[in-house]
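Undergrad: Residue numbers (the UniProt record's numbering), protein chains in the order written: chain A, 1 to 412; chain C, 1 to 412; chain R, 1 to 412; chain E, 1 to 412.
A hint or two may mislead.
[To be verified] Restricting the straight-line Cα-Cα distance to at most 20 Å, the calculated cross-link-like pairs of lysine to any residue (SDA-like) are:
{"#": "1", "chain 1": "E", "residue 1": "K192", "chain 2": "R", "residue 2": "G289"}
{"#": "2", "chain 1": "C", "residue 1": "K290", "chain 2": "A", "residue 2": "A72"}
{"#": "3", "chain 1": "R", "residue 1": "K118", "chain 2": "R", "residue 2": "L30"}
{"#": "4", "chain 1": "C", "residue 1": "K399", "chain 2": "R", "residue 2": "R285"}
Rather than coming from a laboratory, the hints here were simulated on the basis of the structure.
So you can see what is in the structure, the chains are spelled out below.
Number of protein chains: 4
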Amino acid sequence: MDFSHSPKVAALRERLLAFVDEHIAPNDHLHHEQQAAMTDRWQPVPITEALKPKAREAGLWNLFLPESGHGAGLTNLEYAPLAEIMGRYPWSSEVFNCSAPDTGNMETLERYATEEHKERWLKPLLAGEIRSCFAMTEPDVASSDATNIQTRIVRDGDHYVINGRKWWSSGAGDPRCAIFIVMGKTDPEAEKHKQQSMILVPRDTPGVTIKRMLPVFGFDDAPHGHAEILFENVRVPAGNILLGEGRGFEIAQGRLGPGRIHHCMRAIGLAERALEMMCRRSLERRPFGKPLADQGVIIDRIAQSRILIDQCRLLTLHAAWRMDTVGNKVARTEIAEIKVAAPDMACQVIDWAIQAHGAAGVTEDFGLAYMYKIARTLRIVDGPDEVHKFQLGRMELNKYRAPRNARPGESV
Amino acid sequence: MDFSHSPKVAALRERLLAFVDEHIAPNDHLHHEQQAAMTDRWQPVPITEALKPKAREAGLWNLFLPESGHGAGLTNLEYAPLAEIMGRYPWSSEVFNCSAPDTGNMETLERYATEEHKERWLKPLLAGEIRSCFAMTEPDVASSDATNIQTRIVRDGDHYVINGRKWWSSGAGDPRCAIFIVMGKTDPEAEKHKQQSMILVPRDTPGVTIKRMLPVFGFDDAPHGHAEILFENVRVPAGNILLGEGRGFEIAQGRLGPGRIHHCMRAIGLAERALEMMCRRSLERRPFGKPLADQGVIIDRIAQSRILIDQCRLLTLHAAWRMDTVGNKVARTEIAEIKVAAPDMACQVIDWAIQAHGAAGVTEDFGLAYMYKIARTLRIVDGPDEVHKFQLGRMELNKYRAPRNARPGESV
Amino acid sequence: MDFSHSPKVAALRERLLAFVDEHIAPNDHLHHEQQAAMTDRWQPVPITEALKPKAREAGLWNLFLPESGHGAGLTNLEYAPLAEIMGRYPWSSEVFNCSAPDTGNMETLERYATEEHKERWLKPLLAGEIRSCFAMTEPDVASSDATNIQTRIVRDGDHYVINGRKWWSSGAGDPRCAIFIVMGKTDPEAEKHKQQSMILVPRDTPGVTIKRMLPVFGFDDAPHGHAEILFENVRVPAGNILLGEGRGFEIAQGRLGPGRIHHCMRAIGLAERALEMMCRRSLERRPFGKPLADQGVIIDRIAQSRILIDQCRLLTLHAAWRMDTVGNKVARTEIAEIKVAAPDMACQVIDWAIQAHGAAGVTEDFGLAYMYKIARTLRIVDGPDEVHKFQLGRMELNKYRAPRNARPGESV
Amino acid sequence: MDFSHSPKVAALRERLLAFVDEHIAPNDHLHHEQQAAMTDRWQPVPITEALKPKAREAGLWNLFLPESGHGAGLTNLEYAPLAEIMGRYPWSSEVFNCSAPDTGNMETLERYATEEHKERWLKPLLAGEIRSCFAMTEPDVASSDATNIQTRIVRDGDHYVINGRKWWSSGAGDPRCAIFIVMGKTDPEAEKHKQQSMILVPRDTPGVTIKRMLPVFGFDDAPHGHAEILFENVRVPAGNILLGEGRGFEIAQGRLGPGRIHHCMRAIGLAERALEMMCRRSLERRPFGKPLADQGVIIDRIAQSRILIDQCRLLTLHAAWRMDTVGNKVARTEIAEIKVAAPDMACQVIDWAIQAHGAAGVTEDFGLAYMYKIARTLRIVDGPDEVHKFQLGRMELNKYRAPRNARPGESV
């Protein structure tokens, strides 16, 4: 369990930090302004696009993909500190072609798609030429339980016909979004976790209608966005099914682990930036004749933030190490732990940073309200806290149900 | 300390509840849609306007104004349960001409303006024909300490000339907003709390520029809005000063008490509605085969919400009763208590309600993210929690500094 | 809902406060010393005994008993502020013959015992000549659910024969404890809430064995104490049953409401004293060159304590008022609210006071650790928080199960 | 930063776990009974003494001492998982001669004492033949700020004369306690951190009076105990001073780091055992017809406990690794972090475990109240949380005071 950076990772970190210092941090305000000013909300933000070739040139491209020649060949543990850095500026992940849901979709295609589909969808995704979307959550059912999903995928000759309604289909707002991975049921009578399948649906397939883009805490997250999508008699070739009928749940499981750990690492970076902002603001602002930085309550929160962040980072690195060494399935306990811990921590730290900024904290001048929106939403995305804690609690209890009783939790 | 409803209040409550049932609740979604659909963001929302005459006709108009023939003649304690009901649907306060900052501005004009100014500004405000704005907070200083304010109000012959920059000037977005009450310094050399004055500035006075409307958690709060305003050599007649030079702090103190208690009562109503939504959703939603309402964590939060709300309501009624009986100045302890307690409570209850709604909780389909924005912002508006707690803590400590030592806190 | 003090209560409060100032506060340390020094732990503490005649003489005796000529004839709402004052010094309740479980036992006897039993047990209890015990909780089952109780009470001719094991039988340590009220099952086959009965068992009845006195957080609570008691073929006359077979649950319900509200009022008094101690200590103690009272974190906690206490007191007065006006059964929601809120609040305030006292906070020099023990134990006594919150949450949810849907919670 | 167990540590852990399984866990109840039954409170507990030779024989003796031939030669990181295991049963540390304050005292002697003193005091301490005490805290001043210390150590010819009052001198109750390390001021006029010295005082030196043993949450912690000690004209040879006059603060700093990390590791073990007990109890106990383990609130707390413990363990291992690699002084940030985090975490987990045990949780049948006492006291011992957080917050703020501004916190 060695969390030190290998020389390879250390070099990538240095390069990434330098890139952030040179290109991301100084353009953060510009990015915000460009995005805010766009009247056609769903067009790419110029500064993001302008930086992509630079990132690629700097060798900071597709860093996320483990066990593949297409990415940087990093393990989860190696990728973690890089994702943390990207997380400080939420828009920056895309600059490095490391943004959700494209990362998860690329990984899914890399693992489960045919060569033909890889050529058609994975290649341009890796090149950053198209974007993609993952359509799983449904408005009408509690989708944290995937067995509730109602979208139907019905075989009809050489095709599958898809009917259903999805929402929170992130990334669908982008005009370059060309491919959807859709989860639905092929056999509602099958065993509980064999009913679901995943299928590739090109965006321009007839019957696909984007009903609306969802606001989140008042933000539209343009040009990425979160869509509500109607699938009406959408017909795609049978070969578009991934891995085969009834394998959807299995693919989802494989996909969710990395997705969650990426979210958590980015949330840690986000919290670090909020803490930095809290410190800087506290040193500058002087209500009642002395800087906030001299007030006990503020100092206490800064200290507590440092503790919360450091604890959470180590827990996340630990989960990454477990994923790398025992596999995503066995490491589901550790993944559940960070999925609960990181967003909660980030919400707390950002909330304190907001408070230290007063009225400026809830408007967009510092971006803290937007950062809070990200962290708060993470407590729901990929399953709400309650579901993960329920599973985690049950796994802990199970240790003591066994005939041969366990010892209390042991040191790592 | 009798918190029961007098027959007069009981009758008003019944009428108000009936109006909400008939006109507000069923139009909540329509209001949201109309507002969301407006391309010119700063026009009145039709349903709000359509309901105003009905409210007036129902005798539900200007209920807030204490000790005045213009309002309903209610004490703070009497108005509290009515404000709570309005708070359930944040947009409804305006329907009853009871929305901030107009209420505070009307009260200020009623108490301190000349007859001429009352005729010109108070009368149309009471009639709901114009809107108003209170310009106090400044972006460049920690305005929670009013002595930091930098806007200058300089006498020049028969006029005052105003220079400064304000923000969070709520209500300035509304095209009907006709009058600003501006706080600034007339004498920066005077005693600390005699430097400030308040002055009336008609919106169309040359030199008044609305620089931008501030987003709050991504929301623009249109058509009301929160403005950043530049005052450049703005010249108004000397008679526009309220009460006289150096009286600004005094007016602010008188104004803030009622403003805070109104906010708190509305926050309680907001929390009640969030709790209702949490209950209804929990009864309907069935992840993992049984309703959320059967899950212990949810039940526990619902119980805790009931406790938190009930405690907070009683504390607020108590503060109202104190304001009515000992005056706003002596009751500043009690006002500080609720200013901290109510927004914090509302944030917690709404956050739990969001969680119970899953992905739907952070989008606008249920309005919960918007409700959270209101409650969260209240922790900063009119002074952040930390300032109120600092004062409250000092007042508590002072009890034991006196030569003759106090007893521990006594029952009310 | 008038929480003001009637002239009668105001006069009692003045008298009680004067008595506390003169006799209780100055003897607090002496009481602690005398109790600590007793080698025979189970003898009355001299100062307690010395003050009883003074309290009786001052008309401060048996203040608790509502609707009875034996007490002061106070409603719950009237008794509440008096109980709060007694709660500041936990040992003082007994000085006024107002300590648990005697209060509950006296009320039970007053309501449900025969004249003969009143003469034999109630009279000397009212006179403070004997003490009593309530034996309900059992070590082997989760007694928060009274239907779990296993003690058997079996009719045998003119007698009942009792077998079972009880613990947490508070007050049994006192050598003057003469009478137990025992809860057990007379008919395990009856309807769920008709199985239980209560019966009077004189302490010296053969077969009653005190197995041990339980320590609580290391304290023995001598001379009162909490006993584990074995009942082996304990035979008492059939007339000792209270109200009749199968009425035990009903008696318990009637008894628990007042017991809980007394606990809560005392917990509020305890928290007030902890807050006073925190303030005084903070003014005196100067680590790092300035008094704790100038440190932001301490001031913040003092403010928060004031808010928490005031909220909780109002909630408790509200519950008392409900008990007085709608009866204990209907007011069970309000009783559940305070049963959760008051101990939790007291734990928090006392914990902060401990922290402000440093090492002195956890030893007995200031009594804070003992105060914490009281408050912490109250989160379990008479049903753990979780049970009350479960019931409270269900009651809230039930409002929305009805065919005619409720409005959100309304102002009191 | 490799937290894996080296083969040496892995072997020690296996041996230690086996010893705990065979000798400690099965005797936990016996230990409690023996201790509770001792009328002479200050005699060694037989089972503890009986196990010491076995531990020594098993090679589980003096495991704590880093960089020394006397101990097991373990780094802090290597010792951490062993301390965690000992922490599960608080009395077990002494069985392995690894209990505070003897560990810290042995380390201090090893580093700073003369050969003569090592022979006289360190040797029998290492052999477990005598016990020792560290006298630093004073009742009259806030000792978390060591500059407040008032005890005087005055040179008088070949001797030093000590006058002062100490308390919380842990271990002084043990009749085998033979040597005190006393902190006092040799030069109150010197530079702030050069005023203090440490000096060896044999317990039987004239003028040393143990005034009383302090109860902690009602517990006496016999036979170890926490003493209040009066030093009146206590005269010891000048050579008894450690390292030289004015070096006391420096020694304290060196000593406190390891002391704190040992406390934290043991607190983690304690929390693990509390979690185990919470799980086992929840599986057994069935209020209201189903096991606690099926109730959502309990499951949620178990999950949260798992997260809290795992986070905190990793943070502690990280601090140990920093101490080993950059030294205790540079690692003071990390030590401050765990000093705050671990006791707070343990308090929370144990509190939940208490609640799951109901009435049994606050008595001594399960030892949970005693475990809580340990964890709660740790929030004060070696400096209260507030002091550590103040320093931690300042260090974080300092990053941004520098002319060359820092980046936000970086991944480890």
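Undergrad: Could you run down the list of hints and mark each one as holding or not?
TA: Evaluated hints:
Distance hint between K192/E and G289/R is fulfilled; the C-alpha atoms sit about 12 Å from each other, no more than 20 Å. Note on K290/C and A72/A: the hinted pairing is violated, with a Cα-Cα distance of about 45 Å set against a maximum of 20 Å. The straight-line distance between the Cα atoms of K118/R and L30/R is roughly 35 Å, outside the 20 Å bound, and the hint therefore fails. Distance check on the hinted pair: K399/C and R285/R sit about 17 Å apart at the alpha-carbon level, within 20 Å; holds.
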